[in-house]
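> For this one, chain V is given, so just place chain F on it according to the hints.
Protein sequences, first through last, are from chains V and F.
Residues in the first sequence are numbered from 7 upward in steps of one, following the working numbering.
Residues in the second sequence are numbered from 40 upward in steps of one, following the working numbering.
Hints listed in this document are in silico derivations from the structure and should not be mistaken for laboratory results.
Among the clues, some could well be false.
[To be verified] Each computed BS3-like pair below joins lysine-lysine, with the alpha-carbon atoms no more than 27 Å apart:
1) LYS304/F x LYS128/V
2) LYS134/V x LYS65/F
3) LYS65/F x LYS128/V
[As the list claims (entries may be wrong)] Over 12 Å on every C-beta distance to chain V, these chain F residues come out as not near it, computed from the model:
4) LEU66
5) ILE253
6) VAL292
[Unchecked claim] Which chain V residues stay away from chain F? Per the calculated CB distances, all over 10 Å, these:
7) ALA74
8) ARG112
9) ALA115
10) ASP121
11) GLY124
12) ASP127
13) LYS128
14) THR135
15) VAL273
16) GLY282
17) GLU284
Remember, predicted model here, so these are calculated numbers, not experimental data.
Where is the CB? At the ideal position from N, CA and C, for every residue including glycine.
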Amino acid sequence: MAAIRVTGLRKAYGELEAVRGIDFEVAEGECFALLGPNGAGKTTTVEILEGYRDRDAGEVEVLGLDPARGGRALRERVGIVLQSSGHFRELSVREVLELFGGYYPRPRATGEVIDLVGLGDKAGARIKTLSGGQQRRLDLALGLVGDPDLLFLDEPTTGFDPSARRRSWELIESLRALGKTILLTTHYMDEAQNLADRVAILAAGRVVAAGTPDSLGGRDEGETLIAFRLPAGAALDDLPPGLPGRPEPREDRVELRTTEPTRALRVLTGWALARGEELDALTVTRPSLEDVYLRLTNAPEPAHA
Amino acid sequence: MPDAASAAARPSDLGLLWRQLRAQNKLFLRNPFSAFFSLAFPVMFLLLFGSLNGGGRIEELGNIRYIQFLAPGMLAFAVISTCYTGLVTGVAINRDEGLLKRVRGTPLPPWAYISARIGSAVWFSMVSAVVMVVAAVLLFRVEVIGRMLPAAVVTLLLGAACFCALGMAVAAVIPNGEAAPVIANFTFFPIAFVSDLFFPTAGAPAWVGTVGSIFPVKHFSVALGNTFNPLVQGSGFQWGHLAVMALWTVIGVVAAVRFFRWEPKVDAPGGGRRRTRRAGRAAEPDPTG
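Looking at chain F on its own, in the form it has when it is part of the complex:
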């Protein structure tokens, strides 16, 4: 039977994944907006905040230099920009364009496509993390602490995984690509300011700490910040924070798998005759034509 024959000649899973990953990377690099947003934008923030408050120190964190606090915060910001914001907007826009539907009509397994997109986001988040660290060390003499480097790398990778999962989940549930950048930023920036990303919240009212602790951003920035804090002893693994991040990763994966759509939501032409229907599945296509 042709099935058996085609199964034998099938491209290997690993080969498919690798080629798709390379294609996604190419797409990323050739799109000036994504490259700028992911690589240059967080470094700009580092320069801006670092220059404005270059000599400052943070009393609540044992009087360490502000830049030593800011650099890991901007690392986390770079990872979140690439993984979360990048995937939410990219996936939602590609779905609106019908690109996801096109891919779904080929034999490329869905997991391979999704994994390649996530892999590409993780790859570029690590590239931007390296750029950030180099910039921080060269421009602001930020100290990289060798004994805590493994903890920093693990925290970065878990953060990337966590925000990719959440990005996919949010991309799955938002209505359309036009709303995507707004929703991505609106779900991130307010939280960022209570999450020790730009400024420490140790001296802020208690509710700021409480709100920040619910979401994964603060756990990520604090876990990463500690690996850059010379006063922290030992290997720097922040198991409590890492556990919360892992929990959010699981929530993201479950939501993404449950709600992911390959096609946009479309209203029937001629206006509203399907508006009354809400009971059906989340993604119903244009029934006409």
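This is chain V alone, in the form it adopts within the complex:
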């Protein structure tokens, strides 16, 4: 059974169409990332799934319930980590987790949750004394304390330094190991790449690509880029005719995009060896998720009047 099912979802704020017909499904136990630039409709989509927003059109199912009417029964089974939300600043970490745990039918033990997010030495500290990163980990702890089947993480590491991000990723990985379904929004490519089983890229309120991070946008069957510097004295026209693809000069190098990298390399290196010369700065790269992302999300956005 799918944990989340979204079909034809639409939502407008007055003139502004934030979401213009989105479809996707998240399987149980899967980590699914919604990737996209600011304004792409990620948060609107997630907040509809969380029950904060009404939708204008489309079908939405979260754990078999309609989030617009799921109410308490649904909230008992999901954990929500918002982009930013206030804290009961005068309570301690342990106090607030005990308070929130008490809202749920089967909460996780407070101490266990505190250890899970690595706040063990801050358990008795007032929340207002925590650093920003520690408060963010408490956000995650509050999302987990009800032992949810499904966890929403809205940009969980935005503003983190690299090591804090790495630690959060490890934590999220460990949640997956517990069998939780996770819906994550992010605008970091590497985050989606590292955490998600599947990714949907949103741009201007639509899904422009969906799939595993490795196959997204035809990455696994797309063109490979071969780049090198021409040997001294050689011109572009001197390159052998049998090359698959058309070599193009780019700054001081030559670039060749091809779907047959093996043959291209054989022809190229054979040519260079025959001349007794080295191909300087030779690189072979496949398009990164970032390339795909930039290509897909750079399509001009329809104007908002």
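Below, chain F without anything else, positioned relative to chain V:
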């Protein structure tokens, strides 16, 4: 189905309410500003006005001592500070911080959260009322009249309920937390001075009486003041004033239920592209991201 199972294991409503109420009380006590504002501020006024005009008497009220008039006025002031001003600013600021949105994302029923906040405000308004009465009796030998004590307690409780309801209603409609203290004070202090809170208005021009009678503050202070006036006969229940307070309570509840928002109003980043939209619902969130 998991629904049935979770319904069976659900924490009881009463337990939820009780734990949330205790948490709200803890938050209140640990915040030095709220504690000071609610408990110490009105007592300060009692000391100030009481000392400045200690021996005065009020001709229009049968020549009773001014302090016997002032003490119930400051009781009403304490209740209004805690319930009205406290809730308007507290709720609006917590909404701006996203705290209300966080709570809304949990299974805690909204009524339980709202009731706990109101319950906590009522509790501390009663604590501050007791502090006030003790201070008034010890420092100024204010007379507490036993036969009218039940009327005084009922009036205090109804006043607390009324100003909690109005506080929630105003918190619901104000734009943001920064405006909250200004709006709370601006909607209270001008009215306070025409409402027999600090000074009697019996000798003032007629319009002062008329304006004061529209709003609930004067009905509260007069109803409470009468229960401290030794010249008033009987049990001291001021049914007319209590009825007006009840009416304002209903208005407050209806407005609060109708307009309450769990999320702040946010303008779209990048400036004003949503400014033209006014027709939608009151609370629209940030559509981006």
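> Work down the list of hints and note, for each, if the structure agrees.
These are the hints, each one checked on the structure:
1. LYS304/F x LYS128/V: Distance of about 33 Å is beyond 27 Å: violated.
2. LYS134/V x LYS65/F: Holds, at about 14 Å.
3. LYS65/F x LYS128/V: Within the cut-off at roughly 19 Å; holds.
4. LEU66: Label violated. Min Cβ-Cβ 5 Å, cutoff 12 Å.
5. ILE253: At about 36 Å from chain V, ILE253/F clears the 12 Å cut-off, so the statement holds.
6. VAL292: holds, 22 Å
7. ALA74: Holds, since 14 Å exceeds 10 Å.
8. ARG112: Since the minimum Cβ distance to chain F is about 6 Å, ARG112/V lies within 10 Å and the statement is violated.
9. ALA115: It holds; ALA115/V is separated from chain F by about 15 Å at its closest Cβ, greater than 10 Å.
10. ASP121: The claim stands: ASP121/V keeps its Cβ more than 10 Å from every Cβ of chain F (closest is about 22 Å).
11. GLY124: holds, 21 Å
12. ASP127: Correct as stated: the minimum Cβ-Cβ distance to chain F is 21 Å, above 10 Å.
13. LYS128: Correct as stated: the minimum Cβ-Cβ distance to chain F is 17 Å, above 10 Å.
14. THR135: holds, 12 Å
15. VAL273: Fine: 48 Å to the nearest Cβ keeps VAL273/V off the interface.
16. GLY282: holds, 57 Å
17. GLU284: holds, 49 Å
Checked against the numbered hints above, the structure violates hints 1, 4, 8; every other hint is satisfied.
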